[in-house]
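Asks: Chains as they are written, first to last, in this note's numbering: chain Z, 1 to 217; chain H, 1 to 279; chain L, 1 to 221.
Incorrect hints may appear among the rest.
[As the list claims (entries may be wrong)] The list that follows gives simulated cross-link-like pairs (lysine to aspartate or glutamate, DMTMM-like), each with its CA atoms no further than 20 Å apart: (1) 211(Z) - 169(H); (2) 36(H) - 56(H); (3) 44(Z) - 107(H); (4) 194(H) - 169(H); (5) 142(H) - 117(Z).
Derived from the structure by calculation, the hints contain no laboratory data.
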Amino acid sequence: MIDYWLEWMPLLWKGTVSTAQVTVLSAALALLLAALTGICRLSKFRLIRGLALVYVLTFRGIALLVLLFWIYYVLPYMNIELSKTMAAVLALGLNYGAFGSEIVRSSILAVPQGQWEAARALNMTPAQRMFRIIFPQALIRMIPPFNNLMIELLKASSLLFFIGMTDLVYQADVLRGLYLQQSTQLYATLLVIYFILASMISYSARLLERKLSAGRL
Amino acid sequence: MGTTMEKQPQTAPETVDPTVAAAEATVPMVKYTDVKKSFGDLEVLHGINLEMAAGEKIAIIGPSGSGKTTLGRMLMTLDHPTSGTIEVEGEHLWHMERKGKLVPANEKHLHMMRTKIGMVFQHFNLFPHMKVINNVTEAPVKVLGLSKEEAHDRAVEMLRKVGLEEKLDVYPAKLSGGQKQRVAIARALVMRPKVMVFDEVTSALDPELVGEVLEVIKEIADEGEMAMMLITHEMDFAREVADRVVFGADGLIVEQGPPEQIFENPQSERLQTFLRRIK
Amino acid sequence: MIWSWEYAWSVLPLLLDVIGTTLLATLFGFLIACTFGMVLAVLGRSRFRVIRWTVNGFIEFVRNTPLLVQLFFLFYALPLSLGISMSAFTTGVIGLGLHYSTYLAEVYRSGINGVEKGQWEAARALNFSKQRTWTRIILPQAIPPILPIMGNYLIVVFKETPLLAAITVMEMLSRAKNIVSRDWRPTEPYTLVGILFLVISLLLAALVSLLEYKMAQRQSK
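I would like the entire structure built from these sequences, with the hints used as guidance.
Replies: In structure tokens:
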């Protein structure tokens with residue numbers, strides 16, 4: 001067993017790096033879109049609210065794999081040629097940004113009304129109320145659901161195998177061709193690697209939560 | 001004013017106190033004119049007329065659900081009147097004049113008006129993600145544009161006034177209810193409003209913590225410059241601090257006058273019943 | 001012109017031809033998830049620590065690893081190690097079902113925790129058997145409030161069915177892929193698949209909202 005692991009390690013490591021990379025980049029895009037559209041959904045302007053809602057409904061509704069295929073295979077016909085990584089980050093980011101948007105919105109709404117009122121009584125501008133008072137408090141509420149979302153994103157990054165990204169699944173598939181009889185160990189190893197990566201996300205989320213809520217509770 | 005005098009021959013003109021006449025000639029600090037407020041189908045205020053002079057301390061008392069809090073929230077621009085007008089130092093609060101007509105105020109106008117008004121809430125509403133000192137300096141820095149040092153000095157001064165200069169670097173979660181409320185008072189005071197609403201500031205406190213908060217408010221009242229609207233259930237406090245007591249019930253102002261009159265010699269049936277009940 | 005209606009029309013029947021596979025996989029996968037999820041939820045409350053740990057460990061592991069890799073594991077590894085050989089469709093449905101059973105277990109758990117403690121005590125006071133307590137007292141109160149959440153998972157399972165393409169199941173996306181490799185025109189097939197998925201999931205979402213609305217109405221009565 002150990003022999004096999006040693007032989008697989010270089011390829012699986014390469015795959016892990018690629019998976020981690022694309023997950024981090026997509027997570028950044030998803031968080032950005034989530035914050036932006038989540039706040040827009042609370043805008044007092046109907047048009048802005050509407051656009052944000054359309055984004056959320058559309059990208060939550062389309063199956064990720066279909067979105068990925070569309071971005072990677074169809075966009076080039078509209079003269080938009082993206083690298084595999086770019087296509088992957090765009091698809092994952094758009095998709096998970098839509099789910100994250102709901103988290104941002106509901107966390108903001110969960111901040112007690114009195115906080116808005118106190119900020120207004122101190123004559124803060126709408127932007128100051130949101131970004132100095134409400135959003136920092138909503139942020140803590142967002143951490144646990146975003147932790148789950150980021151784990152979903154990590155798992156979803158396995159779909160990049162379908163467009164031939166050289167991620168973990170791809171490397172395992174290469175190895176399967178060479179070690180057919182060891183498929184069980186190979187895929188079990190793969191599952192464990194993903195589990196470890198997911199645990200790392202949860203661990204960072206807990207650290208962040210502890211840091212942000214330091215002294216407050 | 002003069003014409004009224006002529007019609008009242010029993011009042012000799014020479015007995016008119018000149019300071020009263022001067023005060024009446026100046027613009028009131030706050031003026032509610034025929035203010036009504038509904039929430040959905042329910043009208044909670046049926047037409048309020050009320051004036052506050054500069055520096056005047058009024059206590060608003062009355063049974064719960066009589067719309068007292070709404071009165072204060074409208075002044076702080078948290079609830080807007082369904083009809084009627086509120087003026088602060090002669091300027092419309094919820095309206096602006098455009099080509100001689102009153103139109104609803106925009107955020108910019110409200111922002112300008114709010115510089116004169118402050119509020120302390122029943123549930124404190126401290127910002128839980130900021131230390132005590134930052135709770136107090138946040139608005140001076142961001143809203144008034146003071147330098148950090150200046151804001152810090154002002155904040156420390158206010159926190160000293162409420163007896164909490166020891167707690168600068170503590171988060172609100174670590175404070176008792178009475179301490180939280182005193183921070184909230186410092187936070188509102190530091191903006192130097194001309195009129196401040198105290199909305200049932202002791203109602204959410206444990207009985208043994210009420211005293212420390214009332215003590216602080218009394219001290220502020222004694223300094224005198226700021227007009228105060230004290231919405232309260234504490235009758236002894238109202239009596240001690242207020243220049244005038246306003247009794248509201250069922251969405252109307254039923255009776256008002258100096259504390260002695262209101263508490264010793266209530267005129268209306270409604271107020272008599274109310275005072276009997278709380279004794 | 002990159003979009004040809006004529007071509008799209010010629011492709012559509014080919015896609016609809018396999019929509020049954022997608023829908024059946026959704027249905028069976030979801031049913032397995034609901035059933036096995038219930039088993040996990042109930043066992044997760046077992047008196048025996050070993051059972052609780054095993055169940056919770058299983059849930060944690062499955063939830064934190066990708067369905068795709070689990071499908072590969074079931075499809076490539078199981079026949080080798082255990083000698084179990086199933087059709088790609090069966091493997092896919094079981095994989096989907098197992099994966100989402102861990103999510104539904106959490107949903108059930110929240111529903112069960114939502115039932116007042118007094119209900120357990122009342123059932124015990126009336127000397128109901130354990131089984132009777134579960135089936136007549138607890139679950140009838142635990143399930144209705146979580147039906148909308150369960151409905152949302154139906155949508156999630158539906159959108160995950162294209163993954164079965166990876167283990168050779170011929171569903172809509174794999175059909176589209178085949179068409180593309182035949183005709184070298186990706187725009188229409190992939191766009192159509194996207195629209196089909198969007199329309200069906202929006203329809204399902206509307207159904208869930210309707211359910212939620214009905215539940216709220218029933219509660220307010």
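Asks: Would the hint linking residue 44(Z) and residue 107(H) be met if the CA-CA limit is 20 Å?
Replies: holds, 13 Å
Asks: Quickly compare the C-alpha distance for residue 142(H) and residue 117(Z) to 20 Å and report which way the hint goes.
Replies: Holds - the C-alpha atoms of residue 117(Z) and residue 142(H) are around 16 Å apart, at most 20 Å.
Asks: Does residue 169(H) sit within 20 Å of residue 194(H), going by the straight-line distance between their CA atoms?
Replies: With a Cα-Cα distance of about 29 Å, the restraint between residue 194(H) and residue 169(H) is violated, given a limit of 20 Å.
Asks: Within a Cα-Cα threshold of 20 Å, do residue 211(Z) and residue 169(H) meet the stated pairing?
Replies: Holds, at roughly 17 Å.
Asks: Quick one, are residue 36(H) and residue 56(H) close enough, alpha carbons at most 20 Å?
Replies: violated, 23 Å
Of the hints listed earlier, those the structure fails to meet are numbers 2 and 4, in rising order.
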